[in-house]
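K.L.:
Fit chain H to the given chain X structure using the hints.
2 protein chains.
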Amino acid sequence: MAVEPNAKKRKSDDNKHSTEILSFAGFDFCKVLKNDLRSKTAFIHSQFEGKDAVILMEKTAFDANIVQEMLTEKTELVETLKNDVYSTYKTFPDKTLNGMKTTLIYPATKQHIAKYSEQEFHIVQESGEDYKKVTLPYVKNKALSNQWVYNILNKETEADRIVFEDTCPDSGFILLPDMKWDRKDMDALYLQALVHRRDILSLRDLDQSHLPLLKNILEKGLSAIKEKYGIPANKVRSYLHYQPSYYHLHVHFAHIKLDNPGFEADRAHLLTDVIENIEMKSLYYKEKTLVFKVREDDHLYKAFLEHGCIQK
Amino acid sequence: MAVEPNAKKRKSDDNKHSTEILSFAGFDFCKVLKNDLRSKTAFIHSQFEGKDAVILMEKTAFDANIVQEMLTEKTELVETLKNDVYSTYKTFPDKTLNGMKTTLIYPATKQHIAKYSEQEFHIVQESGEDYKKVTLPYVKNKALSNQWVYNILNKETEADRIVFEDTCPDSGFILLPDMKWDRKDMDALYLQALVHRRDILSLRDLDQSHLPLLKNILEKGLSAIKEKYGIPANKVRSYLHYQPSYYHLHVHFAHIKLDNPGFEADRAHLLTDVIENIEMKSLYYKEKTLVFKVREDDHLYKAFLEHGCIQK
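In the order they appear, the protein sequences are chains X and H. Going by numbering that gives the first Met the number 0, the first sequence wraps up at 311, each residue one higher than the last. Going by numbering that gives the first Met the number 0, the second sequence wraps up at 311, each residue one higher than the last.
Extracted from the complex, chain X is given alone in its bound form:
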C-alpha cells in the first residue's frame, strides 16, 4: 500500500473508512517552486518523513450555489478603497465555504520537482527528421512511466470514474474526467479519452490507418458527453497536445468556457483538424514541422541543443 501522508483523524471516530480528514501536519516547507498568478496556483517543494513531495495548491473557481451562501453576515469585509459607486474589500468567507484544491505528488522525483519549477521557455520547430533523431529517443529513454494509464485501462484504479468505454482493442478508448475537473461545474467540463492501443505515442505517429480510431473518439466521445452531461458538441473542444505530457495517445475534451492554459495554439491540435489533415495527406503529421513551447530545463530542450537542431 502506498504511504498515506499524515492520516490523522480529526474526530475520534473508530477506525472505519468513512471520510478521513487529514492535514498538512508533518510536512516541512522547502520552497515555493512557482507561483502562477493567472491560475492562482502555488507549486511547493516540501518534505514528508524525509522524502520529497510536490504540493500544488490551487484556488478554485466559484461554485454558483455557494456564492449565495457567502452573501451573509458571516463573510467579513475589510474596506480597502472607495471611489464614487466603486469600492473594494478584503473578504473572508466562512472557512467551510472557501475550500481550495491540493494535488499531492508523494514521493516526488527530481523530474516532478523540475516540472513544476519556474522556468524560461523557448519555441522549438521540430521537423519530421528532428523527431526521429531527437524526440523519439528522448521519449523512449526519459519520459515518465505510463503505469498510471495502464492502471486505468486495466480497471485497477479509477474504474468508478469511467464515463464511457469502447472496448474494441483497435479503435476503443476509455473516457474519464480529468483530474483537474471537479465533475460538478459543467462550464469547467474536462475529460480525457485514453486509447486502448498502447503502440501510439503521440500525434506524430498518426496516419490514415488511425482514422477509424480518431473518428470513433470524436463521435463517441462527444455523444457520451452529450448524454451524460447534457453539453452539446458545439460547446466542447476536442484536441490533442503536442508535446503531450505523457506518451500514450489521448484526446482532451473541454468545455468552450473552460479557459484552459493547455489550449494554446502551439500545443493544442484540434481533433477535427487532425482528421482533416490526415485525410488530405496520410503522412501529414509525420512530415509536418510541429511547433511547441519547451522549458529551458526540459531534457527534450537539452537534447535539441545537443543535436544542434536549435540554437540557444
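Hints are supplied without guarantee of correctness; some may be wrong.
Claimed, not checked - List time: in silico DSSO-like cross-link candidates among lysine-lysine, alpha-carbon distance up to 27 Å:
no. : chain 1 : residue 1 : chain 2 : residue 2
1   : X       : LYS214    : H       : LYS311
2   : H       : LYS287    : X       : LYS287
3   : H       : LYS73     : X       : LYS94
4   : X       : LYS30     : H       : LYS81
Calculated from the structure, these hints are not laboratory results. Note that the coordinates shown come from a computational prediction; the quantities given were computed from them, not determined experimentally.
P.N.:
This is chain H only, laid out in the frame that chain X set:
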C-alpha cells in the same frame, strides 16, 4: 455622502474612522451574472436597501509568504482521489489566511449589470463553401470600417509608433506595438504587422502567390523585434487570427510569456504553419474547414444560423 452598505462594526469601538469591518449582511442575492472560471471571479447581481448592486468576488493569487503558513495542521484536507503517487484533496486553510477580493458597485445601473452578464459561445466549423456563402457577404456588409488601418498605412496617425516598415507595395508592411502593450514590460511584448496591400481580407484569401509576403513578414518582423527590443525569435510567437477582429491582413507578434487570450488553438494560426501548409498545398486555406469560437450575439453567428450552416 454615499450610502455605506452595512457599516456594522464587529468590535464595539467608538465612532472613529479606523478600519471598519463590514459584512454582507443586508445584501439580497438575485443572480450569478457570470462565473469566470479562469480568473476565478463571480459576478453577482444583488440588492441592498432596495437598490441594485453588482458584486465581483475574486479568488486571489497566493502570497508566497502565506503559503508557508498554510503548511500546518490547521489546514484541513479531505481526500478526493488517489492513484499511484498522485492524490488530490479538498483543502480548508485557516480563514484568515484565505482571503478573497470583493469589488462592489453600489448603486449599480442596468448598464453595469449588462456589462458583467454572461455571453454564450459556440464552436463553428466553417467550410470553404460556408465562407463564400455566409462569411464573405457578412464581412463585406457588416464588418467594421478599416479606415483606422489606412490612417496608419498613410502615416496620418501613429507614425511615431512605427517600429519597422518595408514600403514594398506587394510584400511590404508596417510593424507597430499593439495598443495593449505598454512598451515597457518586455515579457508582455506584443506587436502587429499591417500589410500595405489592401486586397487581402484574412487567412482565407491566402495562397502560394502570397508566400513572398508571408515569408517577408516572418523574417523581417522577427529581426526588427530582435534589433529593437533584444528579444530573439525563439521567444516570439507569430500568428494570424481567424476570425480576425478586422478584415485587413495582419500578423501578431507576442512574447512567449504573454498569457494572451488571443492565442487559443481555435483562433490563432502560427505563421510558420500557414507558410508550410500553403507550400504543401496552395489552396489549403481556401478549402480547409476552419474552426472558431463565436459569441451568441455576434452577427456572424446569426448569419450562420440563418443559412442553416449550423444548428442552434
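K.L.:
Kindly indicate which numbered hints from before are broken by the structure, ordering the numbers from low to high.
P.N.:
none
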